[in-house]
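Here's the letter readout for the chains.
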Amino acid sequence: MRTAPGKIFRACVLAAIAAASTAIAASVDGGPAPPFTLSTPGGRQDSLSQFKGQVVMLNFWATWCGPCQQEMPLLDQIYKQYAPAGFTLLGINVDTNEAKVKALLAHKPVSFTVLLDPHNSVAGKYHVEEMPSTIIIDRQGNIRYVHRGYKPGDENGYQDRIRQLIQE
Amino acid sequence: MPRLRLALIGAALALGGCTTLQPWVKPYERNHLAEPIMSWNRDAISAAYMNHIFETREGARGATGIAGGGCGCN
Amino acid sequence: MAQADKKLGRWSAITALLLARTAGAAVLPDDRADIFYSNYSGGGMDITGKSVSVRKKFSEQLGVEADYFIDTVTGASIDVLSSASTIHDQRTQKSLALNYIRDKTEYTLSYTNSVEDDYVSNTTHFGLSQDMFGDLTTVTLGFTNTRNLVGEHNGSVTTWLAHAYSLGYEAGVSQILTKNLIAGVTFEVVTDQGYLANPYRSIRFLDPSNAKGYSLGAQVYPGTHTSDAIAARAKYYLPNRAALAVSYRYYADTWAVRANTAELGYTQPIGRRWIVEGRVRYYQQGHASFYSDLFPFAGSQNFMARDQTLAASTNLMLDAKATYAFLPDGWKIFKRGTATLEYSRISFKYGDFRNIKNYGLPAYQPGSEPLYHFDANVWQIYLSMFF
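Protein chains in written order, with our numbering: chain A, 1 to 168; chain B, 1001 to 1074; chain C, 2001 to 2387.
Take these hints with a grain of salt, some might be off.
[As the list claims (entries may be wrong)] Using C-beta positions, here's what the derived DEER-type ranges look like:
(1) Pro2029(C) / Asn156(A): 50 to 60 Å
(2) Asn156(A) / Asn2113(C): 22 to 32 Å
(3) Lys100(A) / Pro2370(C): 26 to 36 Å
(4) Ala1047(B) / Leu2161(C): 27 to 37 Å
(5) Asn156(A) / Trp2379(C): 31 to 41 Å
(6) Gln1022(B) / Phe2326(C): 22 to 32 Å
(7) Ser49(A) / Leu2098(C): 47 to 57 Å
[Unchecked claim] These stretches of chain A come out as covered by chain B in the derived footprint (C-beta under 8 Å, 3 or more residues):
(8) 88–98
(9) 123–130
If you are wondering where the hints come from, they were derived from the structure by calculation, not from laboratory data. For glycine and all other residues, C-beta sits at the position ideal for the given N, C-alpha and C.
Isolated chain A, as found in the complex (with noise of 0.2 Å):
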C-alpha cells in the first residue's frame, strides 16, 4: 500500500487495534471514592474525607451546560429533602472563569456546597465522560451509583438511589 489513501488505511487500522488493546472508558463504579480537596466560591476548603459516615451526592456541572442548569433546582431540593437523614450534596463546578461562576450562584443560588475545579483534576480523577455526571458515595466511601448527563426525570432515580444508601 504505497498510495497515500492505502497508508491512511493502514495508519486507522493499527490505530484501532492499539486502542481496543487498552482499556475502554475506565470506570469508577464500585471502588473506592478518590479523595480530594477543593475549595468553595466563598473561599473555605472542604475535603471529601470530612463527609465520611454521610450518603455523598457528587453532581460535576457548568455554567455553559444547559442540562446541568435544568438540573440544579432539582438538585436543590433533593439536599434539602435529605439532608437532615445524613446526607450532603456537593455541586463541583468545572469552568475555568469563576467570576461567571460567582454571577450565576448570585442570581440563582443553591443551598447545597459548591466547590470549584478550575483545573478539572477532580472531574480528571472521576473520569467524567460527560456533562453533567452525577456520582453518589455511600456512608463507607464507595462510589456506588454514576449517572452521565441529565434528562428530565433521573432525579427520581437519583432519589431512589439516595434513599437506599441512607437505609444501609
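Fit chains B and C to the known structure of chain A by using the hints.
Just chains B and C now, kept in the frame of chain A:
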C-alpha cells in the same frame, strides 16, 4: 478511482473500530467551544438573509449549512 | 470536465458517511424572538426586508420556529431591458421548522413558502444531525425539495410560464479538534430541472440591420442543471476571548460554472455587553458554457444566456457588525436582550458582462462597452429577545 473508493470504504469501516479511541477533549473542557461566539451561525435570520443575497446574484449555491428558499431574483 | 463531475458525484455517495454542518445536536437552543429590518441598495436596486421570527421549545425535546419575511423591491437591475424600466415588487416568505431531539440525534423538518407577483416557491427540508465519539463529532445529513412556479409580470398581468424543481442532498461532518478548535466539511449536490431561466433577461446578438449594432433575443436554457459544492470551515477560540472563523468553498456544475468562495471572520466580545465582528468574503466564478455577452448572430448556439449570474465575475464583501446586550442579565421572563447593527459593502465586478444600459445610439461598438461593475450597501438591524 477503484483503489481510492476501496480505501475510503476501508477507512470508514476502520473508523468504526476507531471508536475505542478516547475522546481527547473531555466534556468538562468544552467551555470555550460552548461560547455563543463559537457557534457557526450566531444569528440565523441574518445568516439566511445574507445567504439569499449571494445565492440570487451568484452562480454558485450550496454547502453553506443554511437551507434555502424563495427567489427574489430580479 | 464531465469526468470530474462524475467523480465528485461518486465521492458524495461515499463521503455521505462522514460529513456535517453544525456541532452540538444534544441540546435545543434557547427560546428566542427577533424583529429584523434590512436594506440592500446597489446596481439600481433598492430592497427593503422586514421579518419577525420566533423560536420556542415545547419540551426539552421538541422545538418550533416560525418566520415571516417581507421583501420590497424597487428599481431595475442592469439587464432588465424591457420597456418597464422601474419595477415595484413584493415578496412574502413564511416558514415553519420543527426540531426534535432524541438521545444524541436531532431531527429537523422545515417548510418555506415564498410568494411574489411572478414567482412562487415551496421548499421542504429534512435534516438529521448525530453526535458521536464523546460528542466530539457531529454528522449531518440533509435533503431539500423545492418546487417553483415561474411567471412573467407585465403591467398588472402575470403570465405563468412553467415549473422548476430542485432536489438537494447535503452531508457534513463537524469535528472538535482541540479545546479551542472546531472544524467541519460539508458537501452538497443540487439538481434542478424545468424552467431555469430568468424570463426578464435577454441575450443580444450582432445585428448590422439595427442602429445599435445588436438586437435582443430570448435566452434558451438547458432543462437540467446539477451542481456540486464542497466547503471546509474552522473556528478557533483565541486567548483574548475572541473567535476566528475561516471557510472555503469550491463549486462546480454541469453548466461549466466553477466558483471559489473564501471567507475570514473575527469576533471579539468586549466587556459584558458588546460583541463586535468583522468579516471579509471573496467570491470568484467562471462563466457558464452557454453564456455570452454578445452572440455573433441569432440562434448561434443551442443554449444561450446573457444572465449576469452566469458571467465570469468576482465580488468582495467587507462586513462589520456590532451587538449590544441592553439586557445582559435579563428582565422578568427574558434571559437576555440584544440589539445588532450590521453593515456590509459588496463590490461586484464582471469579467465578461458589459454595461449596455442607457446607451441609445452606440457610443461604443457592440462588444466594447465598459465591463459592468457596481457596489452594494447592505444594512441590517435587529432586536433579539431570549427567553
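Here is how each hint holds up against the structure:
Checked against the given bound of 50 to 60 Å, the beta carbons of Pro2029(C) and Asn156(A), roughly 27 Å apart, lie outside it. Between Asn156(A) and Asn2113(C) the C-beta distance comes to about 44 Å, which lies outside the given range of 22 to 32 Å. The hinted range of 26 to 36 Å is not satisfied by Lys100(A) and Pro2370(C), whose Cβ atoms lie roughly 57 Å apart. For Ala1047(B) paired with Leu2161(C), a C-beta distance near 32 Å keeps the hint of 27 to 37 Å intact.
Range check, Asn156(A) to Trp2379(C): Cβ separation about 52 Å, and the 31 to 41 Å hint is violated. Restraint check, Gln1022(B) to Phe2326(C): a C-beta distance of roughly 44 Å breaks the suggested window 22 to 32 Å. Taking the beta carbon of each, Ser49(A) and Leu2098(C) are about 51 Å apart, inside 47 to 57 Å as hinted. Counting residues of the segment 88–98 of chain A whose C-beta sits closer than 8 Å to any C-beta of chain B gives 4, which meets the bar of three, so the coverage hint holds.
Coverage of the segment 123–130 of chain A by chain B holds in this model, with 5 residues showing a Cβ closer than 8 Å to a Cβ of that chain against a need of three.
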